[in-house]
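Turn these sequences into a full structure, and let the hints steer you where they fit.
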Amino acid sequence: GEDVEQSLFLSVREGDSSVINCTYTDSSSTYLYWYKQEPGAGLQLLTYIFSNMDMKQDQRLTVLLNKKDKHLSLRIADTQTGDSAIYFCAESPNAGNNRKLIWGLGTSLAVNP
Amino acid sequence: GAVVSQHPSRVICKSGTSVKIECRSLDFQATTMFWYRQFPKKSLMLMATSNEGSKATYEQGVEKDKFLINHASLTLSTLTVTSAHPEDSSFYICSARAPGSGYTFGSGTRLTVV
Chain Y
1 GEDVEQSLFL SVREGDSSVI NCTYTDSSST YLYWYKQEPG AGLQLLTYIF SNMDMKQDQR
61 LTVLLNKKDK HLSLRIADTQ TGDSAIYFCA ESPNAGNNRK LIWGLGTSLA VNP
Chain L
1 GAVVSQHPSR VICKSGTSVK IECRSLDFQA TTMFWYRQFP KKSLMLMATS NEGSKATYEQ
61 GVEKDKFLIN HASLTLSTLT VTSAHPEDSS FYICSARAPG SGYTFGSGTR LTVV
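Protein sequence lines, in the order shown, are assigned to chains Y and L.
Okay, so the first sequence: first residue is 1 according to our numbering, each after it adds one.
Okay, so the second sequence: first residue is 1 according to our numbering, each after it adds one.
No lab work stands behind these hints, which were simulated from the structure alone.
Keep in mind the model is a prediction, meaning the values are calculated, not measured.
Check before you lean on any hint, since a few could be wrong.
Ranges of calculated distance between the beta carbons of each label pair, as one might list FRET restraints [said to hold, decoys possible]:
# : chain 1 : residue 1 : chain 2 : residue 2 : range
1 : Y       : Ser-17    : L       : Gly-61    : 37 to 43 Å
2 : Y       : Asp-69    : L       : Asp-65    : 42 to 48 Å
3 : Y       : Asp-78    : L       : Ser-83    : 49 to 55 Å
Selected chain L positions facing chain Y (in silico; Cβ < 10 Å) [stated by the list, open to error]:
# : residue
4 : Pro-8
5 : Phe-67
6 : Phe-91
7 : Arg-97
8 : Thr-112
Glycine included, every Cβ here is placed at the ideal spot set by N, Cα and C.
Shown next, in the form of structure tokens:
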């Protein structure tokens with residue numbers, strides 16, 4: 001069945017780069033997403049990548065997609081304490097507005113001063 | 001960008017009462033909205049897909065008579081937790097997808113049943 005896996009925890013020093021990894025199983029995935037959730041808050045869309053792309057960069061964020069290995073990563077450059085949050089990877093089977101997302105359990109990122 | 005507004009952000013209710021949570025798309029029309037429940041270990045569980053003008057589609061194991069969903073307009077979906085019990089205490093989040101955009105989420109509702 002459809003599944004998305006992420007490591008649960010990541011700890012980095014302030015100023016270093018963070019890399020959060022995600023693997024998925026559905027080869028028909030069209031969009032893959034990264035969401036950020038700060039404590040007690042809802043989910044914020046950070047970025048997404050279409051399945052025909054290998055890389056997408058947006059300021060400090062770089063998303064890499066290896067479709068062959070079904071591996072997605074999020075790199076945060078110059079990680080700051082404000083980046084401490086839970087990061088969720090999610091996939092969408094197709095581009096329809098009524099398709100549900102398949103979620104990973106989230107990676108808790110801790111940024112140490 | 002697309003904004004989804006969810007209210008209330010926090011609610012405490014007595015066991016046996018009902019609670020209504022609202023989810024509004026502020027600058028776009030959403031024919032479909034999604035309701036999630038988030039458990040303490042962070043995992044998001046999709047409860048149901050809310051369809052404007054028709055019945056919601058519930059995921060397996062979710063009681064439709066307990067979690068009533070109404071999607072009466074293109075900008076509003078409501079989730080009513082009926083006869084709430086302490087085990088219903090959780091973080092509930094709604095989402096919708098604006099055209100040409102990713103899925104946008106509300107800020108969530110922390111429900112505590114005492």
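Hints and how they fare:
1. Distance hint for Ser-17 of chain Y and Gly-61 of chain L: a CB-CB separation of about 40 Å, consistent with the stated range 37 to 43 Å.
2. The hinted window of 42 to 48 Å between Asp-69 of chain Y and Asp-65 of chain L holds, with their beta carbons roughly 44 Å apart.
3. At about 50 Å, the beta-carbon gap between Asp-78 of chain Y and Ser-83 of chain L stays in the expected band of 49 to 55 Å.
4. Hint on Pro-8 of chain L is violated. Least Cβ distance to chain Y is approximately 13 Å, over the 10 Å limit.
5. With a least beta-carbon distance of about 16 Å to chain Y, the hint placing Phe-67 of chain L at the interface is violated under the 10 Å criterion.
6. For the restraint placing Phe-91 of chain L at the interface with chain Y, the shortest Cβ-Cβ distance is roughly 8 Å, inside the 10 Å limit, so the hint holds.
7. This hint holds: Arg-97 of chain L has a C-beta 5 Å from the nearest C-beta of chain Y, less than the 10 Å allowed.
8. With a least beta-carbon distance of about 13 Å to chain Y, the hint placing Thr-112 of chain L at the interface is violated under the 10 Å criterion.
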